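There are 4 protein chains.
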Amino acid sequence: MVIVMKPGSTDRNIGEVSKALENLGLGVHISKGSQRTIIGAIGDDRVLENVPLELMDGVEKLVPIVESYKLTSRTFRPESSVINVGGVEIGGKELVLMAGPCAVENREQILKAARAVKKSGAKFLRGGAFKPRTSPYSFQGLEEEGLKLLKEAREETGLLIISEVTSEKTVEIANDYVDMFQVGARNAQNFQLLKSIGQSKKPVLYKRGLSTTINEWLTAAEYIMSEGNYNVVLCERGIRTFETATRNTLDLSSVPVIKNASHLPILVDPSHAAGKSQYVFPLSMAAIAAGSDGLIVEVHPDPMHAMSDAAQQLTPQAFDSLCEKISQLCGIIGREFEYGA
Amino acid sequence: MVIVMKPGSTDRNIGEVSKALENLGLGVHISKGSQRTIIGAIGDDRVLENVPLELMDGVEKLVPIVESYKLTSRTFRPESSVINVGGVEIGGKELVLMAGPCAVENREQILKAARAVKKSGAKFLRGGAFKPRTSPYSFQGLEEEGLKLLKEAREETGLLIISEVTSEKTVEIANDYVDMFQVGARNAQNFQLLKSIGQSKKPVLYKRGLSTTINEWLTAAEYIMSEGNYNVVLCERGIRTFETATRNTLDLSSVPVIKNASHLPILVDPSHAAGKSQYVFPLSMAAIAAGSDGLIVEVHPDPMHAMSDAAQQLTPQAFDSLCEKISQLCGIIGREFEYGA
Amino acid sequence: MVIVMKPGSTDRNIGEVSKALENLGLGVHISKGSQRTIIGAIGDDRVLENVPLELMDGVEKLVPIVESYKLTSRTFRPESSVINVGGVEIGGKELVLMAGPCAVENREQILKAARAVKKSGAKFLRGGAFKPRTSPYSFQGLEEEGLKLLKEAREETGLLIISEVTSEKTVEIANDYVDMFQVGARNAQNFQLLKSIGQSKKPVLYKRGLSTTINEWLTAAEYIMSEGNYNVVLCERGIRTFETATRNTLDLSSVPVIKNASHLPILVDPSHAAGKSQYVFPLSMAAIAAGSDGLIVEVHPDPMHAMSDAAQQLTPQAFDSLCEKISQLCGIIGREFEYGA
Amino acid sequence: MVIVMKPGSTDRNIGEVSKALENLGLGVHISKGSQRTIIGAIGDDRVLENVPLELMDGVEKLVPIVESYKLTSRTFRPESSVINVGGVEIGGKELVLMAGPCAVENREQILKAARAVKKSGAKFLRGGAFKPRTSPYSFQGLEEEGLKLLKEAREETGLLIISEVTSEKTVEIANDYVDMFQVGARNAQNFQLLKSIGQSKKPVLYKRGLSTTINEWLTAAEYIMSEGNYNVVLCERGIRTFETATRNTLDLSSVPVIKNASHLPILVDPSHAAGKSQYVFPLSMAAIAAGSDGLIVEVHPDPMHAMSDAAQQLTPQAFDSLCEKISQLCGIIGREFEYGA
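Protein sequence lines, in the order shown, are assigned to chains R, X, H and Z. If you read the first sequence in the numbering used here, its first letter stands for residue 1, the second for the next number, and so on. If you read the second sequence in the numbering used here, its first letter stands for residue 1, the second for the next number, and so on. If you read the third sequence in the numbering used here, its first letter stands for residue 1, the second for the next number, and so on. If you read the fourth sequence in the numbering used here, its first letter stands for residue 1, the second for the next number, and so on.
Next comes chain R alone, as it looks inside the complex (with noise of 0.2 Å):
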């Protein structure tokens, strides 16, 4: 932590400030300038979060200097994590697919879009069951009866199942049915969730929320992993802007920062970015061009009856055609992909 001092700040100031600083066990470095004094707090700077050196006078500003994550940076990890989910690997060279309905809607739907996505290639199959919708008056989700049925179509395809939880009881069900949490957009910042996951060690996809910096992403997963799970994968599904021509702006740039700031694999999610089917192709392959791990993509057997987000979901050609191109992608980005498999 660097400590600005305002122009006009007396040598007391400067004392009274390092002093705070001693008494907490850091070193002092005073630097005196041409238009401000700066005091560079040496340590652990953590100690310094709950203290409240801004309102000390002659203090102008903090400038943090080191980031405010730390289990989930690369200088705490320098090597890139690779996150095994019942033997299937997020963020080694292989790319990998999670698709399948935004919600479980009943037996034949599900199984359809299980046994379809399977066939192009996904390893993962999800499907919401305890659905957060913006209005109280949209379809809910089918609950358990929906883990149910996404554990009958693991049993016949041999998919892995991933879907999402919404608070500590949703949490407890899931946990019998899923080979992954997907935490979403809108409980990004909803830290009991965080951390009831954090205590089940279970692998979890982690969603940036909508108004997230990457910064507040990187320290809210901090949540998770300071809990004992190191099972975290994180998800790029677009953020809030002014523009609305689309649902969400698909910040692709995360990619490389997240790749260069932190150890985690990050899977991009174009289905919530665009909101509509026919963007998905393009930002699906746009994703993996700029490093993306993989994708989840909404995969509906029949979109025109669908329960929810229907104008986001791929038909199953659709989505084999997208599998098909991100196969020849591959071989140009040094990644791999088994298509149709």
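The reader is advised that the hints may include incorrect statements.
Unchecked claim - Where chain R lies over chain Z, by a calculated footprint (3+ residues, C-beta under 8 Å):
hint	segment
1	76-90
2	200-214
3	236-242
4	273-279
5	288-301
6	318-332
Just so you know, these hints were derived from the structure itself, not from any lab. This structure is a prediction, so every number in the text was calculated from the model and none was measured. Using N, Cα and C, we set each Cβ at its ideal position, and we do this for glycine too.
Add chains X, H and Z to chain R, keeping to what the hints say.
What follows is chains X, H and Z alone, placed relative to chain R:
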């Protein structure tokens, strides 16, 4: 809902959309313009929520005509709601001030704060027991112990108690201690939480999310009201924008917009928006001048030693000056506030 | 400037950065922390502006310590500036109101508007002659003819004239007609325009851009001041955010932030922020309560027949009521305003 | 245009709105719904542009049905436009790369850059002569001297020249030197500039503004096209959001959205979006994968000694690697690019 057809749509396309609407029990009104044909759906739009009309051949886009919220809407209830919490009316002629520290830290701190804010005219004591902090390494609150201290402060001072809840479990715990729940910005779309508050029937101060539009905010409030809890007070606390000079951008336009769109009362939280105590006074005055029904302000007996958000908490003296000014302001804008009650 | 070195940076890296700073005539202060080494550059940072230190081996990032603006800064000039325009002082104790139609449409309209706003207490008549409209198919203004009508209105009423300029050429034309230039949000970073206004020495009301941070705004104002024109009044008019209920989000926090960071006066334009006349009254009151030095408000003698931005223009009656309330508000906040002057 | 009436609107209100529409030569279609009456205006909406229907009694809001742009719209011209600049086609099967330094600094620098980028396959040399810099204390460009050096580079290498213009005067000056104008983000709504480019007929690369919606961008492009200049190529370069890890947030969704809404070609500028050269490669690949018609990339023979935006400029070697990868990517996505031409 208005369905806008593409330029080249055929009579057959139009006929199929019309039929789909009729099958849902809606009336149909077709209007052929010079550039587009539009189809009006007449009846209760909400049957369309889960029907993907935008996927039908020839459809360009759907244009909603009525708002997506109902119980929160002024169309539903033209007269303004006044919410009674333990004998104090929110949304009436009298302004209501809620004040207290960011977090409950210990008995002495919370009692000192309570006495001070009561003396200046506050009717509610605020204080966080469950703290959703950006970093897991920051102080997380005293939890139930903090709630007990708040209850003690109520017994001594007669102030009503408001405190934040962050999950179904914390709702259950806090239910016995507080007069009013608070839902924070990070949980604005934590629908499980909203539902459980809806079931509790206890009054709630429901804050806008960092990236929640006013339309989404009112729609999410339906999660509380549709469970039967009509005691909802909204709270503007700043939204996330590109500006970094303040912690958030306080959107005071939302006050008159909410007054126009909804019958619910609205308070303003200037502390979290500004992030710096020096901006709390001007923003508080501005909020009241804009028509807010009151304020929730952070006040700490000794901000220099606060354990969280120190920089944004007022001293009791500064809060007292603010209350005095607000009581003067009331005369001009046709409101009332008993300073030094 | 503080240069933060990467975790693995070597003594050689540190030496080379130090040498580069010394070669630029800067002092060097090295501080080795527990996680990072930081290097303080002592002296006038601006020599670093065109030097890519961040590309040197071992450098992680640069952290600016002093603001990027100078002439606009309160560090540069601690006492608040009062700008005198034709005998009217902006930034002093007295609030200044500028009012008039969005666009000058014809003699009768502008004279009616001028008489009305003068009667309520405005000191400036505003009216657009060069209109930067979002669509080329919208009314583009009367150009020089409009300026002549404004001059006529000044001769009759004695009001000072303010009108928008949009390019070097329009600066030349308007120079003979107006008392104060206005730079609109869309030209907030049109640096050629700012320079030519700087050369003209005529006072200017310089609006914030739709996506301009306060820091960028003050830095861009240097384009005017560094050419020798110190007669700059800032104007907050709303920024672009994700919220669509209002045309823009009025950032009233910018008023106290500017008062803290700069010595320049600041006005608020509630009309463009709100986009709807019904929100102009509450936002105007809020702006004054927040500490604004005045307002620029759209007033049209007959909004129903306005040729642009009809929805956001006040009637003369509504403006008169606003002025009356503002004069009452002044007593409380220690300002003055002569209503019905 | 659809006019939505308030819940309590009377037959008289509806009659008056209908009459107002008919007086403008529009057809009227009234549709009484269960909650609202809506009135469809049939005919050319643009007559409504300057008529404040929203102020009429009983009117709740206006809902536009057709887009506000015309000449740029794919409705107006269904087949994609290919813009020919000096024999090079933009928007055809072949990808077009424009590359060169941020600013022209001297003869050696620009000639070195020109030779390098041509060798890798670029068809255009970019280089700023008039630099719109955030601070007036930053390097402002060589102006006409820079344009002469660009012309010299064209004579030697045969590359086409693109350079930014910032005002009517710089359009006049640059007209003799460049093959294509560039309009930068800060001037995206400098309508005087757009009009003067429209009158010049010279091809233009028109960048999106930092806070310009896609709808506004296409509408502003009408300023160029309605003056008779149809040689417009759009360029996505990142928008302003709350994220600060990158200089701007590159909105790659805009590529397929523009391809859907407009017939104009679109390029992507990854350099300004990222602000850091290490992110240029992944974002360039992503842009091409998303369907961009090409790129404009900053390349400097010696970024360490660049006079502006050093951190975001590629070395010639890095640009060459990028070109090689792009030529491989072309095969998969059905495009062409001659690497090392």
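Discussion item. Name the hints, by number, that the structure is in violation of.
Written reply: 1
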